[in-house]
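Q: Sequence:
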Amino acid sequence: MSHENKPLAPLTLGAMGVVYGDIGTSPLYAFKECFHAAHGLQPGREEIFGVLSLIFWSVTLVVTLKYVIFMMRADNRGEGGTLSLLTLATRVTTNPRVSALLAVLGIFAAALFYGDSMLTPAISVLSAVEGLGLVAPALGHFVVPVTLAIIAALFLIQRHGTASVGAFFGPIMSLWFAVLAGLGVWHIAQTPAILGALNPAHAVHFFEAHRLAAYLALGAVVLALTGAEALYADMGHFGKRPIRLAWTAFVSPALVLNYFGQGALVLREPAFVENPLYRMVPPAGLLPLIVLAALATVIASQAVISGAFSVTRQAFQLKLLPRIATIHTSASEQGQIYIPFINWSLFVAVVALVLGFRNSSSLAAAYGVAVTGTMLIDSLLLAVVMLLSWSWNRALTAACALLFIVVDLAFFTSNALKIPHGGWFPRVIALLLFTLLTTWRTGRRLLIAQLREAALPIEIFLLGLRDVQRVPGTAVFLTSNAEGAPPALLHNLKHNKVVHETVILLTVHTVDRASTQGEQRLQLGELGEGFHRAELYFGYRDDQNVPETLRAFAPPELPLDPMQTSYFLSRETLLPARRAGMRLWREHLFAWMVRNAATPLRTFHLPPNRVVELGQQITI
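Numbering (the numbering used here), first residue to last: 770 to 1389.
Don't read these hints as lab results, they were simulated from the structure.
It cannot be assumed that every hint is accurate.
[Stated by the list, open to error] So the derived label-pair ranges between C-beta atoms look like this: (1) Ala1251 - Arg928: 32 to 38 Å; (2) Arg928 - Ile838: 36 to 42 Å; (3) Ile1096 - Gly1125: 28 to 34 Å; (4) Val1175 - His1357: 38 to 44 Å; (5) Ser1158 - Pro906: 53 to 59 Å.
We put the CB at the ideal spot given by N, CA and C, even for glycine.
With the hints as constraints, model all of the structure from the sequences given.
A: What follows is the structure, given as structure tokens:
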């Protein structure tokens, strides 16, 4: 059932629980970090009004205008996210150099996302638990241990999937946003003059009066925008309308009201700027708010961890990563997956961040770098889509693109100043992952080209089959080359001296859409001598179950009895050598990635007792 045919209310509630978990927990730290000692700002009237005005208009321009209105128009057959936007941009670009540049930008944005996936659980949970120090100063020593315990529990439950707890996300986040809005209204009512910060002139005067300090504060203002990219990335899960409705009718008003409420409180009590959200409640309500905040941050973390699983799956289905062991945690929902390697890699990184930085203010210095980089790349890719795909005139495209790029550049350069104070971490992570992604992409392209060059044309192979013994059953040979004879076929004939009565040469493709349906899945052609050429097409969100798909879409006359069908795989052992294509160290890295990649057996759901794997050595 499409999103358009599903009830709007449940989808909107689900969007509030999943899509807005990250940006919804920003009030825990965004406003207070603007007045961090490193920025040199005191919580005076002019400064409070200026910061609030910056937060409001940043949210309006970046989240509402850019992502909710413009970015969500760029849907790739209902799907969003940087990789989908990259697909749209490269699809309409005819210049190979421009396409290559856009691909590099998109890959780097995907790499930046992993840095965000590490930082979000660390800063979110830590900022929520820090409220314990306000309940009783002695409890401050338990902030880090309690944070680590919550994080450990969060990553331990990932193997069970999110389906069982997903139903609770929406109601909890709805309560969280209601509390944020209520607290905001309460404090605004006590100081209604704070609403004057809606005037953008206060942001202008703030920059005129403070200049460098205001520019540095942008690095904290961006914390109010973290999670905005989820609006676009999760479009395929909920659809445009529920996401837009949840934002405009509920989430955005709640966030704005709370930020202005924090400003009203600090305007009356400047000393409360060290933790304004928790100071908004009376002492009796502090502990319940901490518990609710902890639940909200767990949901925010859950959303970004699940996002890391989805991005990883999209990456290796788009040939940017090797196959990684993936567990499907739901029989009905394809998107419910668990990737152990990614899960425990994120866990180690998050624990290291908590132990290394120990408080949310220190982590805030590292946070935002990855987000602003992704936002800037999104704006560049959107400009290409506006001009070439939407056919907007150049003046309109330039005006919109310039507005978004200038704003993103301001945030990005401000965060660049955080590099010595922790901002180096997401950049190092992004560079490492970018190296892995591009090495795999380039190495795989070179390997496939080499295999195709050495491949025996299938027509010549078929001419030599007349004197070969044929045995009953069906053999499926998986190959990346849809033209030549697969190496596994040649090795099987060389060593076993037999060929099955029915042979299927199968190539699996991942297309630039989320899913394929019906006749789009399988293309079948007869080659003669009992040989068939088959090509399966999956979207990057599809479950690539090869046996089930073949049985579902192959013609009845093609024998695919599970007990009479064998699957043959080629396993390459790579030998790095100094030759054109890649540097030697990247060849060694590519060879290591090939050795540690998951076999197609699990990726394509092949029956283990019906798989034959044949190897060969290749010099790269």
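Q: Compare the structure with each hint and give your call.
A: These are the hints, each one checked on the structure:
1. Ala1251 - Arg928: 32 to 38 Å: Given range 32 to 38 Å: holds, Cβ gap about 36 Å.
2. Arg928 - Ile838: 36 to 42 Å: Since Arg928 and Ile838 have Cβ atoms about 38 Å apart, the given range 36 to 42 Å holds.
3. Ile1096 - Gly1125: 28 to 34 Å: holds, 30 Å
4. Val1175 - His1357: 38 to 44 Å: holds, 42 Å
5. Ser1158 - Pro906: 53 to 59 Å: Taking Cβ atoms as reference, Ser1158 and Pro906 lie about 57 Å apart, which means the hint holds.
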